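Let the sequences and hints guide you as you build the complete structure.
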Amino acid sequence: MAEPRLQLLGRAGCHLCLTAAEQLAPIAAEAGLEVREVDVDTDPELQAEYGDRVPVLLLDGQEHSYFTLDVPRLRRDLGLR
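If you're matching positions, the sequence shown starts at 32 in this note's numbering and goes up one per residue.
Simulated from the structure, these hints should not be mistaken for laboratory data. Every value quoted in this text rests on a predicted model; they were computed, and no experiment measured them. Incorrect hints may have been included.
Said to hold, decoys possible - Derived CB-CB ranges, DEER-like: (1) G63 - R104: 14 to 20 Å; (2) V102 - A79: 27 to 33 Å; (3) P57 - Q78: 25 to 31 Å; (4) R112 - P75: 18 to 24 Å; (5) R67 - R107: 17 to 23 Å.
Even for Gly, the Cβ is constructed at its ideal location relative to N, Cα and C.
Take a look at the structure:
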């Protein structure tokens with residue numbers, strides 16, 4: 032199974048993560064994509080790699096933005112206007 036195009040790495044109780052998820056949802060819907068949300072605290076490797084540097088958006092498995100969602104860049108990278 033292929034990795035989803037959009038993955039949002041975060042943790043429970045993170046207000047920045049909640050904001051990023053709310054911003055990401057309509058963009059993903061417009062692009063016809065689903066967002067896979069991943070709690071870094073459920074995976075020791077992710078927790079070690081990302082620590083307190085969440086939320087992190089992965090696009091096609093590559094880090095796209097962190098702390099805040101770079102909406103204009105994401106829209107451009109997804110081919111949206």
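Kindly indicate which numbered hints from before are broken by the structure, ordering the numbers from low to high. Violated hint (a single one): 4; every other hint is consistent with the structure.
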